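J.: Listed here are the chains, written in short residue letters.
Protein chains: 2
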Amino acid sequence: MSTTPRYKSYQRIEQLPQLVGEKVTLNGWVANKTGKGKLLFIVLRDGTGICQCVVFKPNSEEIFETAKSLTLESSVQITGTVRSDERSPGGFDIDVEELRVFQLAKDYPITPKDHGVDFLMTNRHLWLRSTRQHAIMRIRASVVKAIRDFFDGNGFTLVDSPILTPAACEGTSTLFETKYFDLGSAYLSQSGQLYAEASAMAQGRVYTFGPTFRAERSKTRRHLTEFWMVEPEMAFFDLNDDMDLAEEFVEYIVQYVLKTRQQELKALDRDITKLEKVRRPFHRMSYTEAVEWLNNNNVKLDKKQPDGSTIQIDFPWGEDFGAPQEEAIMEQFEKPCIIHRYPSEVKAFYMKRDPDNPKVAMAMDMLAPEGAGEIIGGSQREDNIELLEERIKEHDLPMESFEWYLDLRRYGSVPHSGFGLGLERTVKWISGAEHIREVAPFPRMLYRIAP
Amino acid sequence: MSTTPRYKSYQRIEQLPQLVGEKVTLNGWVANKTGKGKLLFIVLRDGTGICQCVVFKPNSEEIFETAKSLTLESSVQITGTVRSDERSPGGFDIDVEELRVFQLAKDYPITPKDHGVDFLMTNRHLWLRSTRQHAIMRIRASVVKAIRDFFDGNGFTLVDSPILTPAACEGTSTLFETKYFDLGSAYLSQSGQLYAEASAMAQGRVYTFGPTFRAERSKTRRHLTEFWMVEPEMAFFDLNDDMDLAEEFVEYIVQYVLKTRQQELKALDRDITKLEKVRRPFHRMSYTEAVEWLNNNNVKLDKKQPDGSTIQIDFPWGEDFGAPQEEAIMEQFEKPCIIHRYPSEVKAFYMKRDPDNPKVAMAMDMLAPEGAGEIIGGSQREDNIELLEERIKEHDLPMESFEWYLDLRRYGSVPHSGFGLGLERTVKWISGAEHIREVAPFPRMLYRIAP
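Residue numbers (numbering that gives the first Met the number 0), protein chains in the order written: chain A, 0 to 450; chain B, 0 to 450.
No wet-lab data here; the hints were simulated from the structure. Treat the numbers as computed from the prediction; the structure is a model and nothing was measured. Each hint should be verified, as a subset may be incorrect.
For identical chains, the list gives no copy identity; a pair is met inside one copy or between any two copies.
[Unchecked claim] DSBU-like mimics (lysine-lysine), calculated; alpha carbons at most 30 Å apart, straight line:
| id | residue 1 | residue 2 |
| --- | --- | --- |
| 1 | 334 | 265 |
| 2 | 144 | 7 |
| 3 | 303 | 7 |
| 4 | 258 | 105 |
| 5 | 334 | 346 |
| 6 | 392 | 105 |
| 7 | 178 | 265 |
| 8 | 178 | 218 |
| 9 | 144 | 258 |
| 10 | 7 | 276 |
| 11 | 258 | 334 |
| 12 | 258 | 7 |
| 13 | 178 | 112 |
| 14 | 7 | 334 |
| 15 | 303 | 258 |
| 16 | 67 | 32 |
| 17 | 218 | 299 |
| 18 | 346 | 7 |
| 19 | 258 | 218 |
| 20 | 37 | 67 |
| 21 | 334 | 22 |
| 22 | 112 | 7 |
| 23 | 56 | 218 |
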């Protein structure tokens with residue numbers, strides 16, 4: 000019954016290895032043009048790869064003249080025969096037999112010369128076509144696929160948590176707010192965790208994966224105001240299970256990208272030997288061990304004195320780690336390291352205290368090597384309703400907003416755990432991008448909302 | 000090197016068919032409890048299925064007493080031997096040898112009696128545990144997986160379009176607004192299409208898939224204020240290609256769910272013979288043909304007169320279809336129908352006019368059978384910059400906000416097309432749910448922002 004759709008009647012550059020010697024029709028854009036006497040070389044890109052198309056004047060004056068008129072990023076359809084040629088960018092040549100021009104581009108603004116970052120960001124809609132950005136976007140898509148395949152294949156049910164939420168987990172200062180009809184204010188979600196917890200009691204193991212928002216005035220290379228986060232949540236998982244799963248998960252992602260995106264990693268000059276080392280078991284240390292390591296290795300903390308001067312002190316147990324501590328710890332490692340059992344004081348209200356030491360929370364962060372920093376934060380959740388209520392009071396949170404969340408401890412409470420992995424930070428690490436703005440197609444930052 | 004994680008040391012109910020005769024440990028919740036003399040039957044659910052657990056008093060008085068105390072939704076760990084038993088719900092029994100209680104639930108609010116919708120929606124975090132909601136959520140997850148597999152497997156690159164956008168495509172009246180630092184207002188995205196178009200010029204074929212927002216005061220069974228939409232966008236596709244792809248896509252989704260979610264469709268009493276019929280080719284008719292059909296079949300339009308009375312008239316060419324027209328047209332069909340080439344007046348500014356008849360736009364909608372209504376809207380996009388600029392002026396849109404979008408026509412413009420499929424409407428159709436509020440885990444509607 001079903002016929003072959005017309006759009007399958009032309010070929011894409013990624014199919015060329017299977018089409019040597021055959022006549023193909025490609026649609027794409029002019030990525031480069033060079034010439035020598037009676038020869039013209041057009042580098043065509045079609046989104047799946049690049050291919051050199053050769054125009055020989057004696058074959059057709061008309062095609063040669065048309066080809067000569069082509070400018071950077073003009074759109075064309077080229078028909079010709081595929082030839083394998085190792086010298087050619089992409090590994091294949093096409094002898095052009097037909098050439099149709101969709102549109103001649105005039106003065107494409109992005110040229111091989113160096114442009115400033117602001118110019119490129121303002122032209123993000125065009126910058127995405129460049130080799131480097133193209134490769135990063137494809138790696139991003141593969142990371143997303145790896146994430147979803149991992150959970151779908153391991154008995155997790157996807158649950159899309161809402162973006163519009165009525166109340167804030169932890170204060171409203173870093174939340175984007177909007178008016179919600181006659182119901183007052185709604186806030187853009189910072190995390191789907193609480194919803195994932197409810198869903199885990201229904202489905203056992205779930206993950207939520209969508210955009211999250213932080214209205215933070217941060218300007219670092221690692222902050223976006225809008226970013227994607229995947230948050231698995233598992234009934235009957237304790238902190239060790241949580242860490243085991245996080246290791247399996249990150250290993251799977253990195254190895255999947257290595258397997259499927261060789262070409263893109265090469266285009267980015269990424270040192271893949273570094274990624275090949277990302278194999279379980281990862282490193283693990285408790286927060287307390289990490290503090291000892293810092294102090295044994297003379298990694299000091301800058302401490303402001305009342306008189307304005309700064310002195311260097313031993314890292315005091317109880318304080319949260321910042322980037323300098325995390326970087327110092329990670330310098331010794333080529334694989335990710337999980338730091339667990341942080342002081343409860345610096346961690347969120349919903350985290351379970353360690354039964355062996357109530358001063359620490361059953362929390363864990365995974366730090367990636369090569370200066371990539373924290374990519375995962377997670378914990379075992381408090382499953383005791385009295386302790387959770389205490390914590391909500393201590394944190395000065397509105398109890399009535401959490402009644403539904405407390406219900407999860409009233410009706411069939413179970414040990415459960417989860418974590419969140421930031422998509423963009425992970426893509427930044429794997430792709431080796433210098434700044435997080437490169438790993439989102441249209442990044443949103445403190446000073447950037449367009450295009 | 001890698002060891003087996005602890006969490007793999009217990010079993011999940013979906014694994015039981017492979018474990019008959021073996022001793023297993025299950026973790027879950029009490030979904031039902033009945034008794035007869037020295038026998039107690041606990042129906043356990045763990046998110047992957049249900050299993051009857053049999054407690055026989057002479058085996059252990061202690062376990063029997065503990066089991067007797069169990070209430071609805073109490074959380075337990077049960078160890079015992081698996082027996083195949085066709086009479087048992089789920090098809091398997093377990094002879095309970097060990098029973099550990101995590102927590103006894105007290106007065107679980109959702110009971111087998113009928114509850115009002117408002118009560119259930121207020122308790123959505125618990126309602127998700129019921130058989131019906133559990134099944135719908137799993138079908139939803141399968142629809143998402145089918146969508147992503149289809150595109151990932153057909154040479155599309157996923158591109159996550161931004162949620163926070165600077166300007167509105169079509170007025171701000173149905174947009175959620177938020178303050179964006181010192182840059183003025185940002186709006187929650189209604190569609191990722193314009194960003195997908197830019198990305199298609201970089202990647203060839205792309206899809207964006209994420210939450211979208213409409214601040215509409217609608218109260219129908221088919222409207223949410225927050226819903227997920229998947230939007231493929233393809234360079235070098237014309238309207239026919241677009242329709243071909245949409246048919247392949249929807250057939251794939253429906254057949255995938257049929258293949259993977261038999262159990263859930265059964266739990267919902269879904270008539271799957273209706274879904275089995277969703278095979279290509281679907282029906283197609285032009286808008287003009289559809290108007291003729293309505294008028295030939297005496298489907299009249301109610302028209303208000305100046306004096307307040309209503310008369311019935313023939314459907315006038317040029318007016319947009321509403322639900323009554325769409326429903327009348329679909330009554331004759333068991334498969335989806337694509338209606339194409341709508342009057343340009345009723346369609347968006349970016350749609351290409353038909354070169355053979357500029358009064359119609361190269362637009363298409365796909366209507367699903369069984370009263371499900373529109374699930375897809377799409378079009379070939381205007382690729383001529385002068386015509387597009389004219390359209391922007393006619394629609395009174397701010398030209399400067401669209402400069403970046405016009406760049407896509409300045410630099411290598413190509414014929415291109417795309418469409419959007421609403422996830423929740425598709426899940427509603429496939430699952431047979433009566434109201435769209437059942438197909439989102441935490442639905443957002445005019446009067447509902449919590450939990």
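J.: Each of the hints needs a verdict: does it hold here or not?
T.: Hint-by-hint comparison with the structure:
no., hint, result
1, 334 / 265, "within (21 Å within a copy, 47 Å between copies)"
2, 144 / 7, "both (24 Å within a copy, 24 Å between copies)"
3, 303 / 7, "neither (67 Å within a copy, 49 Å between copies)"
4, 258 / 105, "neither (39 Å within a copy, 51 Å between copies)"
5, 334 / 346, "within (25 Å within a copy, 54 Å between copies)"
6, 392 / 105, "between (64 Å within a copy, 23 Å between copies)"
7, 178 / 265, "neither (47 Å within a copy, 41 Å between copies)"
8, 178 / 218, "both (27 Å within a copy, 18 Å between copies)"
9, 144 / 258, "both (13 Å within a copy, 21 Å between copies)"
10, 7 / 276, "between (40 Å within a copy, 25 Å between copies)"
11, 258 / 334, "within (18 Å within a copy, 40 Å between copies)"
12, 258 / 7, "both (27 Å within a copy, 26 Å between copies)"
13, 178 / 112, "neither (46 Å within a copy, 37 Å between copies)"
14, 7 / 334, "between (44 Å within a copy, 24 Å between copies)"
15, 303 / 258, "neither (48 Å within a copy, 64 Å between copies)"
16, 67 / 32, "within (9 Å within a copy, 81 Å between copies)"
17, 218 / 299, "within (25 Å within a copy, 60 Å between copies)"
18, 346 / 7, "between (54 Å within a copy, 28 Å between copies)"
19, 258 / 218, "neither (34 Å within a copy, 48 Å between copies)"
20, 37 / 67, "within (11 Å within a copy, 92 Å between copies)"
21, 334 / 22, "neither (47 Å within a copy, 38 Å between copies)"
22, 112 / 7, "neither (37 Å within a copy, 55 Å between copies)"
23, 56 / 218, "neither (54 Å within a copy, 66 Å between copies)"
The structure shown violates the earlier hints numbered 3, 4, 7, 13, 15, 19, 21, 22 and 23.
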